[in-house]
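Trainee: Sequence order for the protein chains is B and C.
Here the first sequence stands for residues 1 to 257, where the numbers follow the numbering used here.
Here the second sequence stands for residues 1 to 298, where the numbers follow the numbering used here.
These are computed hints drawn from the structure, not numbers from a lab.
Check each hint, because a few of them may be wrong.
[What the hints assert, rightly or not] Below, computed lysine-lysine pairings styled on DSS-like, alpha-carbon distance capped at 27 Å: (1) B/K2 / B/K67; (2) B/K86 / B/K130; (3) B/K86 / C/K155; (4) B/K67 / B/K86; (5) C/K223 / C/K100; (6) C/K235 / B/K83; (7) C/K109 / C/K99; (8) C/K233 / C/K128; (9) C/K223 / C/K235; (10) B/K83 / B/K2; (11) C/K128 / C/K99; (12) B/K83 / B/K67; (13) B/K167 / C/K168; (14) C/K168 / C/K155; (15) C/K128 / C/K235; (16) C/K74 / C/K29; (17) B/K167 / B/K67; (18) B/K18 / B/K74; (19) B/K130 / C/K168; (20) B/K86 / B/K167; (21) C/K38 / C/K233; (22) C/K223 / C/K38; (23) B/K167 / C/K155; (24) C/K128 / C/K74; (25) B/K83 / C/K155; (26) C/K168 / B/K86; (27) B/K74 / C/K155; (28) B/K2 / B/K86; (29) B/K83 / C/K168; (30) C/K235 / B/K86.
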Amino acid sequence: MKPLLNINRLSKTYGKLKACNNINFNLYPGQVLGIVGESGSGKSTLLNCIGSNLEIDTGEIIYTNSKNEILNIKQLPEPQHRKLTKTEWGFVQQNPRDGLRMNVTAGANIAERLLNVGVRHYGNIREEAKYWLEQVEIDTNRMDDFPHTFSGGMQQRLQLARVLVTKPRLIFMDEPTGGLDVSVQARLLDLLRSLVRNLHLSVILVTHDIGVVRLLAHRLLVMKNGQMVESGLTDRVLDDPQHPYTQQLVSSVLINN
Amino acid sequence: MTKTELNSNSSNSSTEPGFNFAYLDEQTKRSIRRAILKAVAIPGHQIPFSSREMPMSYGWGTGGIQVTASVIGKEDTLKVIDQGADDTTNAVNIRRFFKKVCGVNTTEKTSEATLIQTRHRIPETPLKEGQTIVYQVPMPEPLFVIEPSRTEAAKMHALEEYGSMYVKLYEDITNYGYIATAYDYPVIVNDRYLMKPSPIPRFDNPKMNNNPALQLFGAGREKRIYAVPPYTKVKSLDFEDYPFSVENWDNKACEFCGSTDSYLDEVVIDNEGTRMWICSDTDYCNGQLIVNSLNCMS
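Input sequences plus hints: build the corresponding full structure.
Mentor: What follows is the structure in structure tokens.
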């Protein structure tokens, strides 16, 4: 199987600080990749570099699109790049306020992604928005309400619906369960797991919560000080950590439990 | 500008001495004309220009007045309207201003004017080839409501990313059942640029399409000029299942001239809240009155 995304020696510095240093990995279709590490380890920077909000210093990001064309993201002309982020890619922000328009209704938030790809039929857009609200388990009666009237978990699910409406192949998630209480987290994770399986999505998931990756991620990538210190199958990494930092990380969770 | 030229410009007896023709100095007018030429070359695209202080406050038409001052010539006949009326404060004063500093002929008749400066209306009488209409624009950037950053908005214009603009229309239909945006209704010019037509009622939007006159837009405070050349396609945004439509007044007619196809203003006439509906375009209304009286006589 050909990788969907190939990250090759990616580096990003902020002045003297190496936020991401020589990162390599492949992401295959249908795969969920978890990136864990302590805060400041460069995991969010890495996600933003790939998810294209940030410019990278060196290295390559190679993406194979739905037409089987191999695209070098760094060299891709901006119009195509922006189109990619609005169609085949989706970014779920840690704070829903960054990923949603808070001053327009939930329906309009979902509609915007469709309007961006040129759909101009109001009725069809409504139907589509309704369908995706159902998929993320939001009552369709809430479609014409503003996102700020939603609970944190609902906002996060709305963000997901907004991204899913263009049928993306690759989703980036930055701490999707951050700031949610445990029962809401569990429901969201459950939902994510079934959506990922049913829609055959590939996901890059950044989190500091080992529980989240154990549930969702197929493969795991552990970061510390901008370096990738360990990677492998999630169960392997968590049950048999090789790197001292990973061992520390895993054992700290066990003690908490 | 040499002294002799200045004198020759001010030769007309009705002009105020001490001012250059059309108030602005020649270099300024030239720079604004350059911006206008660019604007005409790229229909609907906003061109920055070095907007000057004018002897009136921002919001009263400083953009329009600078565009008018830059294109006006001695042979021009100027008409100025404010919400369709020739006799309101803004219109009267701008007209008097140009009479003072240019000595040009002014008129209230749309058909006689070569240059029309307007605030918030397009005359009912169809414009013709050779005429120029200058709009006063408060806020030129249509994407401002959805994208506060100018840099990002410029990028969206460059890449023709106008999908988000439809969010506003979507919200209108969701809340009111129809597109309720009544003025400054966004349009696509020449199948390319998204443009704000200045706060004209959406009733006037169809008049912009394929208009034989040259349409110039000046925003003084925001320092932008844009244009729609003659015979250019101007399409109002809409949805396939909610096509663009103009206002109607349930068969109400103007109570002065009886017109049913012009834009009507609602006027409260007493303390009891009685109201009447009259043409917003005073020149058109007067014209209809004359036509009616001729019909009565014949």
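Trainee: So if I understand the rule, the pair passes when the alpha-carbon distance is 27 Å or less; does C/K235 with B/K86 pass?
Mentor: 25 Å, holds
Trainee: For C/K38 and C/K233, compute the direct alpha-carbon distance and say whether it is at most 27 Å.
Mentor: The given pair, whose Cα atoms are some 18 Å apart, holds under the 27 Å limit.
Trainee: Would you check the hint for B/K83 and C/K168, treating anything up to 27 Å between C-alpha atoms as holding?
Mentor: With a Cα-Cα distance of about 21 Å, the restraint between B/K83 and C/K168 holds, given a limit of 27 Å.
Trainee: Tell me if the straight-line CA distance from C/K233 to C/K128 falls inside 27 Å.
Mentor: 16 Å, holds
Trainee: Would the pair B/K2 and B/K86 pass a check requiring their Cα atoms to be no farther apart than 27 Å?
Mentor: Measuring from Cα to Cα gives roughly 23 Å; hence the hint holds.
Trainee: Within 27 Å, alpha carbon to alpha carbon, are B/K83 and C/K155?
Mentor: Roughly 13 Å separates the two Cα atoms, so the pair holds.
Trainee: Verify the proposed pairing of B/K86 with B/K130, using a straight-line Cα cut of 27 Å.
Mentor: 20 Å, holds
Trainee: Given the hinted pair B/K86 and B/K167, is their alpha-carbon gap at most 27 Å?
Mentor: OK: B/K86 and B/K167 at ~10 Å, within 27 Å.
Trainee: Given the hint that C/K223 pairs with C/K100, test it: the Cα-Cα distance must not exceed 27 Å.
Mentor: 25 Å, holds
Trainee: For the pair we were handed, C/K109 and C/K99, check the Cα-Cα distance against 27 Å.
Mentor: 16 Å, holds
Trainee: Given the hinted pair B/K2 and B/K67, is their alpha-carbon gap at most 27 Å?
Mentor: Answer holds: B/K2 to B/K67 is near 13 Å, not above 27 Å.
Trainee: Check the hint pairing B/K18 with B/K74 against an upper bound of 27 Å on the C-alpha distance.
Mentor: 19 Å, holds
In this structure, every one of the numbered hints holds.
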